[in-house]
Structures are given as C-alpha cells and as structure tokens.
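Asker: Go by the hints and put chain B onto chain A.
Spelled out, the chains give:
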Amino acid sequence: MKEKPYWSPYVSGVGLGITLLLAFVFMGRGLGASGAIMRFTTAIVDLFAHDHVMANPYFAKYAENPFSNWLVYEILGVMIGGFLSGMLAGRNKWRTGRGPNISKHKRWVLAFVGGAIMGFGARLSRGCTSGLALTGGATLAVGGWVFMFAVFAAAYATAYFVRKQWI
Amino acid sequence: MAPFFKYGFFTEQTGLIIALIIGAGFGFWLERAGFGYSRKLALQFYFRDMTVLNVMFTSIVVAMLGLLFFSLFGWLDITKIYINPTYLWAQLIGGLILGVGFAVGGYCPGTSVVGAVTGHVDAYFFLGGAMFGMFVFGEMFPSLEGLYNWGYMGDVRLSDVFNLSSGVVAFAVVVLAILFFIGGQWLENKFGKEEV
Numbered sequence: 001m002k003e004k005p006y007w008s009p010y011v012s013g014v015g016l017g018i019t020l021l022l023a024f025v026f027m028g029r030g031l032g033a034s035g036a037i038m039r040f041t042t043a044i045v046d047l048f049a050h051d052h053v054m055a056n057p058y059f060a061k062y063a064e065n066p067f068s069n070w071l072v073y074e075i076l077g078v079m080i081g082g083f084l085s086g087m088l089a090g091r092n093k094w095r096t097g098r099g100p101n102i103s104k105h106k107r108w109v110l111a112f113v114g115g116a117i118m119g120f121g122a123r124l125s126r127g128c129t130s131g132l133a134l135t136g137g138a139t140l141a142v143g144g145w146v147f148m149f150a151v152f153a154a155a156y157a158t159a160y161f162v163r164k165q166w167i
Numbered sequence: 001m002a003p004f005f006k007y008g009f010f011t012e013q014t015g016l017i018i019a020l021i022i023g024a025g026f027g028f029w030l031e032r033a034g035f036g037y038s039r040k041l042a043l044q045f046y047f048r049d050m051t052v053l054n055v056m057f058t059s060i061v062v063a064m065l066g067l068l069f070f071s072l073f074g075w076l077d078i079t080k081i082y083i084n085p086t087y088l089w090a091q092l093i094g095g096l097i098l099g100v101g102f103a104v105g106g107y108c109p110g111t112s113v114v115g116a117v118t119g120h121v122d123a124y125f126f127l128g129g130a131m132f133g134m135f136v137f138g139e140m141f142p143s144l145e146g147l148y149n150w151g152y153m154g155d156v157r158l159s160d161v162f163n164l165s166s167g168v169v170a171f172a173v174v175v176l177a178i179l180f181f182i183g184g185q186w187l188e189n190k191f192g193k194e195e196v
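Taken in order, these protein sequences are the chains called A and B. Each residue of the first sequence is one higher than the last, beginning at 1 in my numbering. Each residue of the second sequence is one higher than the last, beginning at 1 in my numbering.
One chain only, chain A, in its complex shape:
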C-alpha cells in the first residue's frame, strides 16, 4: 500500500484539541506521556533492586502499583491509536527517521543521547510537551507557558549544532 499523506495540521490540531477537552470533561485532567515512561522505568529498576527503589523517595513515589495508573492506560491507548492510524495510512514499516546526510547508526546514537537529555529535563520540570506544555497551555497554567517557550528557545538554539542530522 502506498503511504497516504499526513492530514492538515489544523485538522489534526482540532482533533487533538477535542481529545484533550474530552480528557478534561471526563476526568478533570489533561493528557501526558513522561509520567508513564517514569513508571515503566521505576518498575524495571524495582525488578533488579527493590530495596534501592524503596530507599529513594523519588522512585518510591512511583513504585507502588506502578501500572494501575491513568497515564499508563492512556499511553497504552496511544500505542493502539498510533498503530491504527499508521496502519490505515499504510505508514507502518521499519525505518529510521533521519536527514539525508547522516547514517542510521549515528542517528540511533543521537536519538539515545537526546532521549536521555529529555528524560532528565522532563522529570525536573514535572512534565513534557504533552503533560505540561499542551495540558498546562490549555489551562493557562503559568508553568506550562514558561516551559513551552523554554523548550522552543532551547531547541532552536541547539538546532544549528545538529543540522547534519536533519537537513
């Protein structure tokens, strides 16, 4: 099947906005992602070093019933919804996203490094682009807006140094 083009950003934006609004209307809370990833991380550490997790107040907070959590179920939903959308558009196939001037192995290394930087930052700010910028943005939370502009400022400032990866 030939890949279908992506939908207009405004159509996708309205769809995403309504989804976010439904989360507020049903649950009184918005969307998120990094909190679920933190729970998976804690569960893995817990498997190998239970006492160590319990001795650390930050891990311990996530260790009790790590998967019986709204965000974890929401992220499972994201997997289902993302997969279905990709399947319907003929986009589900193995590949590596990268610019024309970088090898896929170098891209994998940078993806890991960028992920590590982001994971650290997301914990420090108590949320990521979904849980803090999008959700906090829509509820007009001060921290959400400060965070959003900080993210874009730093990403634009960094872009020049990693341009060989993307363009």
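Hint data in this document are derived by calculation from the structure and do not stem from the laboratory. Misleading hints may appear alongside valid ones.
Said to hold, decoys possible - One-sided and incomplete, this derived list gives chain B residues near chain A with beta-carbon spacing under 8 Å: (1) Leu20; (2) Tyr46; (3) Leu187; (4) Glu188.
Said to hold, decoys possible - For the chain B half of the interface with chain A, some residues (derived, Cβ under 7 Å), not all of them: (5) Gly105; (6) Asp122; (7) Val156; (8) Ile182.
Stated by the list, open to error - Here are the in silico distance ranges between beta carbons for each label pair: (9) B:Phe10 - A:Ser103: 24 to 32 Å; (10) B:Phe141 - A:Ser103: 30 to 38 Å; (11) B:Lys80 - A:Ser103: 31 to 39 Å; (12) B:Lys80 - A:Tyr10: 27 to 35 Å; (13) A:Lys2 - B:Ile178: 53 to 61 Å; (14) A:Phe161 - B:Gly183: 20 to 28 Å; (15) A:His52 - B:Gly151: 24 to 32 Å; (16) B:Trp75 - A:Ala55: 42 to 50 Å; (17) B:Val196 - A:Lys61: 37 to 45 Å.
Each residue gets a CB set at the ideal place from its N, CA and C atoms; glycine is no exception.
Answerer: Quick look at chain B alone, frame taken from chain A:
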C-alpha cells in the same frame, strides 16, 4: 456536571478504560499529523515545516475555548480541573534541557511512543534514552531536590499573574496563535518548505 469523574459518575476502574480510549484518540491524532516521524518534528527547528507549532496551538486554542465556554454555560466546574502547579525556575531550566533533547533526539516522550508503534527504529533508541535519563534523575534526586522545588508558586494561571480575566487571556492566546500561524507560513516560504 463535568468533570464527570470528580462528580462520581463512574469509578476509578472505569476511568482506566476511558484513559485507554482517550489515549487512543491522542495517539491517532499525533500519527495523523505526522508526529511519529522524527525528521518531520525536527524540521520545525529549521523553519522548514511548522506543523508542530500549528498543531500545538490549534489544540491549545480548541481545548482552552472549550473549557472556557463549558464553564460559562455552567456545564463544567473549572475549579475541579487539574492545573499543573508552577515551579517557575525548575520548569524553566527543565524546559531548556528538554528543548536541547528535542533537537538532538527528534522526539518528545509522547511522539516517540507513536514513532515506536509505527516502526521507527530511532524512536526505540529515544525511548531507551528517555528511560535512562529518568533513571539518572531519580538516582540524583536527593541532591536535586532544591532545584526541583525552585520557584514554587502554587496552581497559578496567567490570569492570576497578569491580573486579567480568563476571557482576556484566552483572547490574547487566540491572537498569539493566529500570529504564529501566519508567521510560521511566512517562515516556511522563506526557508523553503519541505513536504515530508
């Protein structure tokens, strides 16, 4: 009256099923916009594809106006909606760090999940990295606690800080979004829009 869960319309167990359904919607729209593909996200930072900005601001405006009008109509109790607490400096510094990770890694946590399920190998490396970064943060937590709580202001909104009504702030956000849409299009034309 909404939010339904806070008014006891259903149990926490049912809430988890709703989480699954709402999450599916979230994942669907992220994939539709092209956010499973790291390069499309990253081209935002070279002004060659402003989809990230357009999608984000469209959805913020839709959800914000929805909350505002539902609350005006008396359908929704806005005081029962979760507001992210503000830790000004922690979130400013965390946002700067996260932004560096965005340009280097090409994903953010939510989009990397969509990337992974649609077969993007780099998304798996990104997710592995994100888990590693969170593990490091947890390990360092005792020495980071001061930074983590720096600038606590409570559940404040922009309307509280600027001493304006939520309607006026919402109007300003709509104007800002329109300026970003127009400016984004102008930048795409100037820097050469890439169809990805």
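Asker: Evaluate the given range 31 to 39 Å for the C-beta pair formed by lysine 80 of chain B and serine 103 of chain A.
Answerer: Roughly 51 Å apart at Cβ, these two residues miss the hinted range, so it is violated.
Asker: That 42 to 50 Å hint for tryptophan 75 of chain B and alanine 55 of chain A (C-beta), does it hold up?
Answerer: holds, 47 Å
Asker: Please verify that hint: tyrosine 46 of chain B, Cβ, nearest Cβ of chain A, below 8 Å or not.
Answerer: holds, 6 Å
Asker: Would you say the C-beta atoms of histidine 52 of chain A and glycine 151 of chain B sit inside 24 to 32 Å of each other?
Answerer: Distance hint for histidine 52 of chain A, glycine 151 of chain B holds at roughly 30 Å.
Asker: Are aspartate 122 of chain B and chain A close enough, Cβ to Cβ, to be under 7 Å, as the hint says?
Answerer: Given a least distance of 4 Å, the restraint on aspartate 122 of chain B holds.
Asker: Indicate whether the distance between the beta carbons of phenylalanine 141 of chain B and serine 103 of chain A respects the range 30 to 38 Å.
Answerer: Holds - the Cβ-Cβ distance for phenylalanine 141 of chain B and serine 103 of chain A, about 36 Å, lies within 30 to 38 Å.
Asker: Hint check: is the beta carbon of leucine 187 of chain B less than 8 Å from a beta carbon of chain A?
Answerer: Leucine 187 of chain B check fails; min Cβ-Cβ to chain A is 11 Å, beyond 8 Å.
Asker: When you take the CB atoms of phenylalanine 161 of chain A and glycine 183 of chain B, is the distance between them in 20 to 28 Å?
Answerer: With a Cβ separation near 24 Å, phenylalanine 161 of chain A and glycine 183 of chain B satisfy 20 to 28 Å, so the hint holds.
Asker: At the C-beta level, are lysine 2 of chain A and isoleucine 178 of chain B separated by a distance inside 53 to 61 Å?
Answerer: violated, 35 Å
Asker: Does the Cβ-Cβ separation between lysine 80 of chain B and tyrosine 10 of chain A fall within 27 to 35 Å?
Answerer: The hint (27 to 35 Å, Cβ to Cβ) holds, given that lysine 80 of chain B and tyrosine 10 of chain A are roughly 30 Å apart.
Asker: May I ask you to test the interface hint for glycine 105 of chain B with respect to chain A, counting a Cβ-Cβ separation under 7 Å as satisfied?
Answerer: holds, 2 Å
Asker: Classify the hint on valine 156 of chain B as holds or violated, based on whether any CB of chain A lies nearer than 7 Å to its CB.
Answerer: With a closest approach of 5 Å, the valine 156 of chain B hint holds.
This entry does not satisfy hints 3, 4, 8, 9, 11 and 13, going by the numbered hints stated previously.
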